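There are 2 protein chains.
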Amino acid sequence: GSHSWESLLPDFPKGPLCKYRKKASFNWKEMAVLLDGKDIIQLKNRIFSALESDPLFVHHPGEELSREKYQELTFLRCKRLFEYDFLTQQEIIENPLKIFHMVLCIGMYDWSPCIQYLLHCAVILNCASYLLEFIINTPDFEAAKFWIGNMGKHATHAVVYAQLYTPDGQYQGLHSFLVQIRDIKTLLPIPGVVVGDIGKKIGQNGLDNGFAMFHNVRIPKENILNIAGDVTAEGKYSSSVKDVKERFSAALGSLSSGRTVITAVSMTNLKLALSIAIRFSAVRCQFGPTDDEEIPVLEYQTQQWRLLPYLAATYALDYFCKSLFENLTEFYLGLLTKQRSQRQADIGREIHALCAASKPLTSWTAQQAAQECREACGGHGYLAMNRLGEIRNDNDPNCTYEGDNNVLLQQTSNYLMSWMHCIRVPFESPFGTINVLQDYHHILDWKFTAMSVEDCMDSSVPLAAYKWLVCYLLRESDLKLSKEKQSGRSDFEAKNNCQVYYCRSLAIAFIEQTVLQRYHDYTHDPDIPSTLQPVLKNLSALYGLWSLSKHLAVLYQGGYASGEQAGRFIQNAILELCYRLKDDAVALVDVFAPPDFILNSPIGKANGELYKNIWGEVLQGSKTLNRPSWWTEFCINRPVAGRLKSKL
Amino acid sequence: GSHSWESLLPDFPKGPLCKYRKKASFNWKEMAVLLDGKDIIQLKNRIFSALESDPLFVHHPGEELSREKYQELTFLRCKRLFEYDFLTQQEIIENPLKIFHMVLCIGMYDWSPCIQYLLHCAVILNCASYLLEFIINTPDFEAAKFWIGNMGKHATHAVVYAQLYTPDGQYQGLHSFLVQIRDIKTLLPIPGVVVGDIGKKIGQNGLDNGFAMFHNVRIPKENILNIAGDVTAEGKYSSSVKDVKERFSAALGSLSSGRTVITAVSMTNLKLALSIAIRFSAVRCQFGPTDDEEIPVLEYQTQQWRLLPYLAATYALDYFCKSLFENLTEFYLGLLTKQRSQRQADIGREIHALCAASKPLTSWTAQQAAQECREACGGHGYLAMNRLGEIRNDNDPNCTYEGDNNVLLQQTSNYLMSWMHCIRVPFESPFGTINVLQDYHHILDWKFTAMSVEDCMDSSVPLAAYKWLVCYLLRESDLKLSKEKQSGRSDFEAKNNCQVYYCRSLAIAFIEQTVLQRYHDYTHDPDIPSTLQPVLKNLSALYGLWSLSKHLAVLYQGGYASGEQAGRFIQNAILELCYRLKDDAVALVDVFAPPDFILNSPIGKANGELYKNIWGEVLQGSKTLNRPSWWTEFCINRPVAGRLKSKL
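Sequence order for the protein chains is S and H.
Just so you know, we're using the UniProt record's numbering here: the first sequence kicks off at 1 and counts up by one.
Just so you know, we're using the UniProt record's numbering here: the second sequence kicks off at 1 and counts up by one.
Hints are computed from structural coordinates only; laboratory data are not their basis.
This one's a predicted model, so the numbers in the text were calculated from it and none came from an experiment.
There are no misleading hints in this set.
Since the list can't tell identical chains apart, any single copy or any two copies may satisfy a pair.
Using 27 Å as the maximum straight-line C-alpha spacing, the simulated DSS-like pairs for lysine-lysine come out as follows: (1) Lys-550 to Lys-495; (2) Lys-22 to Lys-612; (3) Lys-185 to Lys-623; (4) Lys-38 to Lys-14; (5) Lys-495 to Lys-19; (6) Lys-495 to Lys-23; (7) Lys-69 to Lys-623; (8) Lys-145 to Lys-623; (9) Lys-200 to Lys-69; (10) Lys-537 to Lys-322; (11) Lys-98 to Lys-38; (12) Lys-550 to Lys-447; (13) Lys-485 to Lys-495; (14) Lys-550 to Lys-480; (15) Lys-200 to Lys-623.
Can you make the complete structure from the sequences, with help from the hints?
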């Protein structure tokens with residue numbers, strides 16, 4: 001091709017995957033350039049090749065790393081990442097989205113050094129300086145802080161949230177302080193500090209998580225972190241953010257950045273898992289129409305239905321993550337420029353509501369996808385070398401940290417419920433995500449109107465259904481809450497009783513609708529090249545219908561759908577879209593799969609040489625063909641089979 | 001109490017779990033005796049205390065075991081299990097169910113030695129003897145056998161399935177041979193054999209799985225295994241099972257035993273995961289009606305709804321596993337006594353259809369439960385020491401080995417579809433599981449008739465709905481298949497196009513209906529003591545409604561349910577049952593939880609001293625409080641924070 005993107009994106013090696021690559025309806029390089037832009041592709045290439053050329057990042061197939069060694073390696077890799085300094089200040093200012101891409105590229109290699117790196121950056125970002133002296137204490141074992149990243153082994157300072165009492169005895173609420181916990185030369189704990197490692201986790205073991213307890217540890221006054229409030233040299237409390245509401249909005253924003261990152265981390269895990277499972281499915285053959293001919297498992301309806309909706313989800317969520325990051329950038333820009341407007345406060349609330357639901361949606365989707373991909377690859381998926389176990393184990397904490405998913409969803413439903421009182425007046429939110437409620441009463445009368453499968457093949461159909469679903473669940477949740485309160489329950493009890501099937505479903509439906517709305521708008525934009533638009537529209541429709549199908553019972557229950565056909569249309573449209581996308585699946589994965597070195601999965605390699613790749617890796621194991629070191633014990637201790645045998 | 005079970009089942013230590021234990025509606029010891037019987041409880045006690053007292057089975061908290069060391073330990077433990085010889089021949093004959101309990105008790109400690117032990121037993125069971133000589137070859141790398149248990153490091157002989165050609169050039173089909181692969185004194189491979197370790201897996205790493213390839217290896221004629229056929233001294237093929245159908249039935253039976261074991265293994269994983277998550281939820285407090293008072297997370301509707309249906313599933317599936325084992329025993333008894341009846345053949349087919357669906361149902365339920373339990377325990381669930389990761393990782397292969405779950409479900413739907421032609425004549429199957437189809441036409445006219453939530457609180461309601469569901473999905477699948485064939489598709493294509501939303505859903509609905517039918521009958525038996533019946537009926541209703549709720553869309557779609565109320569009744573009944581069961585949950589777990597030593601999870605300990613247990617374990621780690629071994633590198637290589645800081 002004569003396009004300039006040719007040099008940016010090298011061709012894949014010839015091999016068994018060519019069959020599907022040739023069948024693709026579009027050029028994967030054109031798609032990559034559309035989605036990321038040349039600038040970002042260059043950045044990715046730069047990062048990926050830096051890691052691949054660096055001996056510190058080399059893989060050791062078949063080698064077992066102890067946790068201590070893995071932590072050491074992670075520390076050294078993290079340090080190297082600081083040295084690489086992938087982005088200049090100018091680049092960040094021109095395109096803050098580059099930070100987002102940089103972090104995810106590193107994470108594709110391994111989340112442990114990536115998160116260690118992020119944690120170091122976060123601490124650095126929060127530094128501040130002051131005068132007086134404080135004393136900090138941990139009342140008991142239960143109050144000890146557990147899980148702090150980097151603290152298990154090597155952090156020298158920690159940001160500690162503590163109840164602040166000023167010398168006049170006044171309680172000033174929760175504040176953060178910078179506390180030294182280890183000597184920076186010896187790494188031994190500072191007197192009065194008990195600090196240690198919390199032990200092995202299910203995943204992310206390169207990261208050392210720790211615990212800390214304090215016994216009468218003095219903290220220099222300058223170490224209070226002045227995000228929202230300080231204490232003056234005279235021991236008086238002052239806050240640069242005067243308005244409690246604004247202070248709250250600022251705090252929400254800082255929570256939102258963590259949740260945005262986790263949303264993106266989870267979406268990246270989707271990319272990794274799908275790259276592996278789809279390439280595997282395209283070359284792994286099993287059974288066939290005759291005894292002689294075996295066909296790729298991707299040709300089976302069940303395999304398509306298990307994997308392709310997650311592929312569509314990956315595309316929709318990738319787009320959503322970028323848009324969310326842009327929303328967050330707007331919010332931070334307002335903070336930095338000290339915006340005091342109502343709009344800035346509204347943005348804080350809206351972004352909080354979005355992240356509090358996008359994190360659960362994306363982390364759960366990735367967790368389920370990792371499990372489905374691992375099963376879809378059968379025994380090969382269960383081999384550690386193929387990385388699906390690592391992806392699942394590393395993704396797992398995304399479901400519970402920075403707020404448990406189920407608890408977070410309440411933040412979003414609370415936000416939505418708070419709009420119920422404005423339902424009769426015109427209103428809009430800064431990012432427009434709740435504007436659907438403007439037509440609340442009207443939408444509640446909508447019905448499912450598609451008359452054929454073909455009618456359902458566009459994402460406008462599930463999108464309309466989602467709008468009804470959000471309004472319906474909002475009404476039901478609101479009614480349920482009123483009923484609970486009327487029956488004399490406390491606010492606490494009433495809310496508790498409205499979660500399952502009501503508020504929880506509402507928050508999930510809302511975020512799915514938002515993701516779909518944005519992706520629908522994007523894929524239907526007339527500026528999308530006509531060469532790419534059909535496949536993007538298919539992805540949008542499949543994501544929408546498949547997500548919606550999990551709410552099908554509610555659509556019937558609430559009267560939006562009725563009769564046997566409605567459900568059948570949706571189901572058949574899902575299967576038809578899976579079928580239409582199967583020949584594009586490998587190319588769709590080629591668009592986002594990182595280079596083989598980064599993906600690090602023999603069954604996910606771009607050459608598709610399944611068995612050669614597996615055997616190559618198996619035989620790399622230094623002891624693969626050796627008898628066990630304990631072979632002499634075997635001869636002395638062989639199981640006494642005779643006894644059992646004689647019995648049977 | 002003066003009951004004789006008091007001495008069998010010691011009281012639990014006093015502690016924070018007492019609050020819930022006191023609130024339970026029944027005596028957990030009475031329940032344990034009802035479910036298992038004293039004889040089995042004694043067997044369990046014997047096995048559990050043997051393991052606890054044996055230095056070879058001691059736990060090493062905080063210690064990291066290399067894979068090689070873990071495999072060695074597993075081998076020694078497996079060998080010790082043979083020495084323990086927990087069951088006498090007499091005991092096995094009197095109650096074959098004891099084998100089942102013995103295996104699961106060992107598995108509760110660790111699946112690796114348990115499965116190694118089972119594999120050794122299986123090989124021993126298959127021995128046979130004959131004369132001529134054969135030569136075995138593996139054509140290429142792709143044909144190499146991968147995954148063979150025990151073969152990675154220590155197996156000396158393997159059962160190999162190979163295409164048998166007799167000297168007259170006749171192809172005789174697939175046969176099994178006993179092949180020596182390693183020297184029994186040196187553990188070095190036999191010439192012509194390439195045998196090795198396949199590498200690390202996601203779980204079950206104590207078990208050494210291997211691969212093997214053969215190059216012109218001679219096998220003594222006596223090593224053909226005569227389960228279904230032999231070759232005579234003159235090189236002629238002969239089979240003791242003359243009838244092809246019978247031979248097929250015998251082969252199906254041997255597949256069924258593996259799938260029955262996996263069903264039981266998965267059910268046991270449910271017990272382990274629920275024991276940990278429910279005890280944790282009963283003592284872990286978070287938030288509360290006021291700022292001062294925190295309540296156990298088990299009091300939250302969401303937490304109840306996340307966990308208690310899995311608790312109900314554990315009880316229903318536990319009962320089902322025992323009944324399935326009895327079915328299998330009847331089948332094997334027929335084989336051993338050389339039954340040639342139609343009934344014996346029918347049993348073979350029916351048990352095959354049951355296992356091919358119970359294995360997917362139970363392994364998936366356990367996989368989802370392990371994930372839900374891990375998330376429900378938050379960060380504590382993510383700590384490796386609390387074992388939920390291990391349970392999930394060890395359960396994982398149950399979803400794909402001995403037949404991938406999705407593929408296996410086709411066996412069951414094929415069986416059900418095969419009954420369509422008899423639908424107009426009276427028929428029954430030996431275990432009665434398809435007798436529901438006798439009323440097929442009648443049942444298709446049924447409707448959901450409950451008029452209130454209270455109406456739905458018995459498992460008869462979901463059971464009736466399930467009967468309709470099975471008939472409806474059978475009809476729809478049959479229609480769909482006919483349509484596909486009529487449109488000119490080959491049998492292969494037509495079947496492929498009928499899986500998702502049709503045959504696959506049919507097989508799942510069928511097995512859920514069967515599990516529920518058996519559990520409903522059991523819990524409604526007038527012989528159940530009145531002290532235990534209410535809670536058992538609640539479990540049956542919850543399991544039935546919760547499983548059914550996943551098919552709610554189909555109930556509406558097919559016209560069984562209509563209107564808003566039907567779905568609401570089911571949903572509200574699920575929540576009400578969760579609420580009613582929450583005070584019984586700890587006692588229900590006490591019934592099946594193994595002793596602390598076996599459960600091996602600080603947050604799952606019977607004393608409920610959450611923080612003491614965790615800290616006790618954390619501080620056992622030999623290097624918990626040490627600075628890292630690589631501390632000097634830290635001082636040389638500390639991340640150059642300044643550069644980034646200056647930029648921001």
